[in-house]
Each structure stands twice: as structure tokens, then as C-alpha cells.
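Trainee: Sequence:
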Amino acid sequence: MVVALVTTMLFSCKNNFKEVQQIGVLQNEPIGEAKNINLKYTDSGRVKANLLSPKMLDFSNRSFAFSEFPEGIHLNLFDEEQNKSVVVADYAIVYDETDIIDLQGNVVLITHTNDTLYAQQMYYDQKREQLFTNSPVRFSFASGSQGRGNIFDSDIRFDHYELLEGSGSTEIDQ
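The sequence shown runs 1 to 174 under full-length UniProt numbering.
None of these hints come from the bench; they were simulated from the model. Heads up, a few of these hints could be off.
As the list claims (entries may be wrong) - Distance windows between CB atoms, simulated:
| id | residue 1 | residue 2 | range |
| --- | --- | --- | --- |
| 1 | 34 | 112 | 42 to 50 Å |
| 2 | 135 | 114 | 18 to 26 Å |
| 3 | 29 | 145 | 25 to 33 Å |
| 4 | 32 | 138 | 30 to 38 Å |
| 5 | 80 | 106 | 23 to 31 Å |
What the hints assert, rightly or not - With a cut-off of at most 30 Å between alpha-carbon atoms, the simulated DSS-like pairs for lysine-lysine come out as follows:
| id | residue 1 | residue 2 |
| --- | --- | --- |
| 6 | 48 | 84 |
| 7 | 127 | 55 |
| 8 | 48 | 127 |
| 9 | 40 | 55 |
| 10 | 48 | 35 |
| 11 | 127 | 35 |
| 12 | 40 | 84 |
| 13 | 127 | 84 |
| 14 | 127 | 40 |
| 15 | 55 | 35 |
| 16 | 84 | 55 |
| 17 | 35 | 84 |
Each residue gets a CB set at the ideal place from its N, CA and C atoms; glycine is no exception.
Kindly generate the complete structure, drawing on both the sequences and the hints.
Mentor: Written as C-alpha cells, this is what we have:
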């Protein structure tokens, strides 16, 4: 009888390590919190982006993991010649699986040539080195000219912008 009981107990045990890890962690709560973040994205030993933020919440405990920056970010982007462009936003989310940064609230982009773009939301694709949005944008070029549009797309060098307005499109080469 003892052998039967021990055998039954051994076969009824299961590996629930993930469940044990989740004890005390609510589904909607972050698994971690960090302050004064200085995150660098590199490729082949070269810094391509540097994200700075006063606070980060880690939601890697979710099936689609992400990091949230509720107090805003300062993002430095570097091209092949190490020219620096800057993006600031009131709020941001970095999606781990896609390497997309969703920038929200008073987004300002200042290129290395001092052209400035203003938007309420902007996305930065770290893999493709591309900035884009489908919300209204306003440009202020270093030359003094200005522009507006509804959709914006640009490479990391900001040499070539595509600005879509209504049904037409405008390409701006600097």
C-alpha cells in the first residue's frame, strides 16, 4: 500500500516553475522597475541608439513583452558617420519582440542638421532604422521653411523624408 501511495504521488507531481515565479505578481503589474535608465542599442560594436529615461517599468512577464517609460524618454540616434539626431517624448513603450519604440506625447525630433519635426506620436523601428507616423506632423527646417503633413516616413540619416498629405505625397530630399 505504501509503494502504491508513493508511486501515485510521484506521477501526480508536475513542473510548475513558471507558476511559482508568478506568485505575488499580478497580471497587470510590472515584473520590475528601474530608475535613471541609460539603454544602448549597438550593432557590430557601434552605438546606433541611446535611450535615456528617469523611469522604466518591465513587463517581460507578458506574452508580448514590453518596457514602458511613463516619465518620458530622450532618444539619441546615430547614423553611420556618428551624426546625432535627438527624439524626445513624454511617454514611450519598447516592444521587445519587434524592436519598435512607440513614442507618444509632444514628440520632438531634431536632426543632426537642425531640422525639427513635431508630432503627437512617432514610431522608431530599431532594426530597419526608420522613423514613421500616421498622425499629423509639422516640420521646421533649419533653412526657415516649414511644412505640414498627415503621414511621415524617414530613414535614420534624415536625408530623405516622405511626407504624405491627404491623397498626394511630397518627397523632401535634403
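Trainee: Hint by hint, work out which the structure violates, then give me just those numbers in ascending order.
Mentor: 1, 3
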